[in-house]
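Chains as they are written, first to last, in the working numbering: chain A, 1 to 378; chain B, 379 to 791.
These are computed hints drawn from the structure, not numbers from a lab. Because the structure is a prediction, the values reported are computed rather than measured. Any given hint could turn out to be false.
[Said to hold, decoys possible] Derived coverage of chain B by chain A (criterion: at least 3 residues anywhere in the stretch with Cβ under 8 Å from a Cβ of chain A; other residues may be distant):
(1) 471–481
(2) 652–663
(3) 700–706
(4) 759–766
Built from N, CA and C at the ideal position, the CB exists for glycine as well.
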Amino acid sequence: MSLVLNEDQKMVQESASAFCQEQAPVSVMRHLRDSKDAAGYDKNLWAKMAELGWSGMAILEAYGGFGFGYGGLSVVLEETGKTLVNSPLISTVLLSATAINEAGSESQKEGLLPSIASGELVIAFAIDEKPIHSPSSTTLSATASSEGFFLNGQKVMVLDGHVADKIIVVARTKEGANGLGMFIVDANSPGVEIQRLHMVDNRNNAKVTFSNVNISADQVLDGTNNISEAIEKTLDIARLGIAAEMLGSMQYVFETTIQYLKDRSQFGVVIGSFQALQHRAAIMYSDIELCRSMVRRGFEAIDADEPAEKIAQLASAAKAKLSDTMFLVSNEGVQMHGGIGMTDEFDIGFYLKRARVAQHYLGDASFHRNRYATLKGF
Amino acid sequence: MSNLDDFRASTREWLEENCPASMRTPMKEDEVVWGGRNPTFKNPDSKLWLERMAEKGWTTPTWPSVYGGGGLTKDENIVLQQELARINARPALNSFGISMLGPVLLEYGNEEQKMEHIPKIVRGEIRWCQGYSEPGAGSDLAALGTKAERDGDDFIINGQKIWTSYANFSDWIFCLVRTDNTVSKHSGISFILFDMESPGVSTRPIQLISGASPFCETFFDNVRVPSTNLVGELNSGWTIAKRLLQHERTMISGFGLGRNKPGSKALTLEAAAKKYHGDGETITDTGLRDRIAQFMIDSEAFAYTSRRSIEEAKQSAGPNATSSMLKYYGTELNKRRLELMVEAMGTQGLGWEGDEFENEELAVTRQWLRSKGNSIEGGTSEVQLNVIAKRVLGLPDMTSMVASPIKSGEAKS
Numbered sequence: 001m002s003l004v005l006n007e008d009q010k011m012v013q014e015s016a017s018a019f020c021q022e023q024a025p026v027s028v029m030r031h032l033r034d035s036k037d038a039a040g041y042d043k044n045l046w047a048k049m050a051e052l053g054w055s056g057m058a059i060l061e062a063y064g065g066f067g068f069g070y071g072g073l074s075v076v077l078e079e080t081g082k083t084l085v086n087s088p089l090i091s092t093v094l095l096s097a098t099a100i101n102e103a104g105s106e107s108q109k110e111g112l113l114p115s116i117a118s119g120e121l122v123i124a125f126a127i128d129e130k131p132i133h134s135p136s137s138t139t140l141s142a143t144a145s146s147e148g149f150f151l152n153g154q155k156v157m158v159l160d161g162h163v164a165d166k167i168i169v170v171a172r173t174k175e176g177a178n179g180l181g182m183f184i185v186d187a188n189s190p191g192v193e194i195q196r197l198h199m200v201d202n203r204n205n206a207k208v209t210f211s212n213v214n215i216s217a218d219q220v221l222d223g224t225n226n227i228s229e230a231i232e233k234t235l236d237i238a239r240l241g242i243a244a245e246m247l248g249s250m251q252y253v254f255e256t257t258i259q260y261l262k263d264r265s266q267f268g269v270v271i272g273s274f275q276a277l278q279h280r281a282a283i284m285y286s287d288i289e290l291c292r293s294m295v296r297r298g299f300e301a302i303d304a305d306e307p308a309e310k311i312a313q314l315a316s317a318a319k320a321k322l323s324d325t326m327f328l329v330s331n332e333g334v335q336m337h338g339g340i341g342m343t344d345e346f347d348i349g350f351y352l353k354r355a356r357v358a359q360h361y362l363g364d365a366s367f368h369r370n371r372y373a374t375l376k377g378f
Numbered sequence: 379m380s381n382l383d384d385f386r387a388s389t390r391e392w393l394e395e396n397c398p399a400s401m402r403t404p405m406k407e408d409e410v411v412w413g414g415r416n417p418t419f420k421n422p423d424s425k426l427w428l429e430r431m432a433e434k435g436w437t438t439p440t441w442p443s444v445y446g447g448g449g450l451t452k453d454e455n456i457v458l459q460q461e462l463a464r465i466n467a468r469p470a471l472n473s474f475g476i477s478m479l480g481p482v483l484l485e486y487g488n489e490e491q492k493m494e495h496i497p498k499i500v501r502g503e504i505r506w507c508q509g510y511s512e513p514g515a516g517s518d519l520a521a522l523g524t525k526a527e528r529d530g531d532d533f534i535i536n537g538q539k540i541w542t543s544y545a546n547f548s549d550w551i552f553c554l555v556r557t558d559n560t561v562s563k564h565s566g567i568s569f570i571l572f573d574m575e576s577p578g579v580s581t582r583p584i585q586l587i588s589g590a591s592p593f594c595e596t597f598f599d600n601v602r603v604p605s606t607n608l609v610g611e612l613n614s615g616w617t618i619a620k621r622l623l624q625h626e627r628t629m630i631s632g633f634g635l636g637r638n639k640p641g642s643k644a645l646t647l648e649a650a651a652k653k654y655h656g657d658g659e660t661i662t663d664t665g666l667r668d669r670i671a672q673f674m675i676d677s678e679a680f681a682y683t684s685r686r687s688i689e690e691a692k693q694s695a696g697p698n699a700t701s702s703m704l705k706y707y708g709t710e711l712n713k714r715r716l717e718l719m720v721e722a723m724g725t726q727g728l729g730w731e732g733d734e735f736e737n738e739e740l741a742v743t744r745q746w747l748r749s750k751g752n753s754i755e756g757g758t759s760e761v762q763l764n765v766i767a768k769r770v771l772g773l774p775d776m777t778s779m780v781a782s783p784i785k786s787g788e789a790k791s
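With the sequences and hints as input, model every part of the structure.
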């Protein structure tokens with residue numbers, strides 16, 4: 001294993017980069033926003049992404065995927081982060097397919113993963129219940145019924161909730177740290193109410209209310225005897241995936257900003273000749289390099305199947321470091337662009353908006369520093 | 379491969395016979411061997427170990443054997459280092475002659491100079507110091523003003539150096555001097571060697587904010603040096619100076635990895651915070667705990683970055699211009715670590731001396747103060763950021779426009 005991309009990953013990166021630059025530039029997302037698109041993502045583009053194999057990147061060949069590993073998915077996420085692509089990649093591929101990989105029974109894997117890999121099925125993942133990420137305080141309840149379970153409660157920030165065919169719901173089956181389970185619910189089940197949330201980053205989010213939703217036994221993700229660990233690992237892989245996406249976004253902002261420093265003249269010289277800006281740029285460069293190493297190390301650990309405890313530490317370290325750096329770079333990007341950076345016409349503002357949502361999603365820097373410290377034993 | 383296997387076997391055998399048992403224990407601070415005309419060996423085994431290693435040329439394994447070096451190939455040297463590590467052997471000799479002067483002398487010195495100086499470096503018979511910085515030439519090293527004026531077959535040297543590590547214990551100095559002040563500042567510098575016992579050389583140790591230090595001020599008052607001691611061409615010393623700085627930077631990289639001094643058992647940051655700022659089990663101050671976690675995450679990311687840069691260099695995946703970034707980030711991290719240590723320890727981390735403080739507490743105080751120099755020596759953090767801005771990011775250079783007492787013109791280092 002290595003912290004440098006291998007030949008296969010470089011190929012995926014080149015192809016993803018070309019696709020995003022040519023077919024899914026920021027203007028696509030801008031159009032979705034301006035047209036108040038009902039789906040919130042471009043279904044034709046998503047079909048093409050699936051054709052490129054992105055939806056099956058981390059799904060084994062036995063289940064219709066490409067078995068490229070999470071390292072392959074991470075470079076795709078990095079490229080989509082550069083042009084802020086809205087697609088079910090995060091909800092369906094990064095989160096839900098991973099949940100099924102980690103916790104699904106054989107028949108659940110056979111039934112669901114091939115349709116995810118083909119791009120036909122959109123599955124949302126519902127975890128948060130409050131404005132702050134806190135899996136351990138999950139209250140949405142799964143109470144035993146004659147056929148299986150009843151779900152009652154509410155989820156927020158359900159990515160792609162309003163366009164999903166199915167929703168994987170994290171629910172509480174009993175009190176305590178090991179009292180959570182995962183359930184696959186059809187989005188059109190009686191008692192499921194979905195309300196789209198309009199967020200600053202134009203991604204699809206929803207509030208989903210569950211009122212006595214009837215769940216049969218085969219809708220319980222029960223292919224593992226340690227469901228708590230499977231939930232944590234799903235979240236950790238997704239946190240690293242969000243970190244990879246942020247790595248792409250911060251690189252775009254940084255490169256665009258450096259170019260602007262070379263192009264923009266004031267006082268008769270280009271502003272990039274000012275040391276006050278040069279040092280801030282050099283500090284950003286250094287932190288982005290650390291971010292890249294952190295992300296690569298995280299995916300190295302996932303694909304080498306290192307212990308869950310190690311992956312948890314790396315995921316929290318990465319989410320904290322990338323969130324802090326994304327905060328810095330998104331703010332500096334606007335500031336160094338001056339007035340033009342404040343205009344809606346210019347793209348950099350989209351990255352600031354996406355930055356804050358991505359920072360919060362699946363735990364902000366404070367959440368993850370706290371978790372990291374606990375995992376490290378202090 | 380079988381040649382290497384043979385080499386490994388014979389090396390292992392030789393080390394078994396020749397490396398004294400006490401040289402296979404962690405290095406003690408006061409047993410580090412620096413060599414020189416009047417060497418000190420606190421542990422007599424160190425003398426034996428140095429003599430045996432020097433006899434093989436293994437103090438400088440890859441230097442040519444004609445000058446007393448080991449004459450090993452790169453691969454053989456890797457085997458040797460592995461075998462030394464296997465038995466936890468101490469370095470036989472610590473020397474600026476080996477880490478800094480030797481490599482450039484082999485590259486730029488003439489045959490007589492190599493025959494004269496290299497064998498003595500290999501055997502640790504002459505201890506060298508570095509005459510680079512001056513009171514008026516720190517970050518702007520090329521502005522140095524120590525003069526060397528021609529007088530027959532000699533140069534007469536006048537001026538002052540500063541931050542000369544161990545000048546007071548060194549036998550010879552490699553020194554940057556100005557030999558032409560009518561040309562651009564980089565074009566009038568020469569690289570010269572001379573004996574510290576020459577009349578007119580004097581040194582004065584510098585006391586730092588952390589207490590005693592290896593640094594000295596070094597004064598030259600009409601020091602007479604034979605012109606044959608010039609290395610390379612007259613006025614071409616800047617090229618040699620820059621090459622030597624690369625060797626120096628390699629030597630001091632690694633601060634940020636928190637490498638401990640030999641043999642010392644350092645208190646970790648979390649342990650200190652639990653002990654002084656908590657109940658021994660947890661850190662009760664959540665703000666401090668958060669900042670320690672942030673520091674540790676940055677350190678982890680930095681360690682992965684060091685690893686990645688080595689892997690990239692191996693695969694030669696494009697230019698590897700990360701040394702300035704690593705120097706900048708590593709030294710800033712070390713300063714952060716020691717600030718957090720002192721904060722975690724409260725006033726027990728601020729004792730100067732006396733029995734009321736544990737030795738490890740006093741050590742932290744001194745290390746904290748000393749760490750302030752990490753981002754100054756070897757090129758300040760600001761200089762590293764300049765280098766990143768210009769060479770990595772391609773932003774325009776404004777410092778060449780800054781007024782200088784010596785005419786500026788040539789490309790920056």
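Results for each hint:
no. : hint    : verdict
1   : 471–481 : violated (count 0)
2   : 652–663 : holds (count 3)
3   : 700–706 : holds (count 3)
4   : 759–766 : holds (count 5)
The structure shown violates just one earlier hint, number 1.
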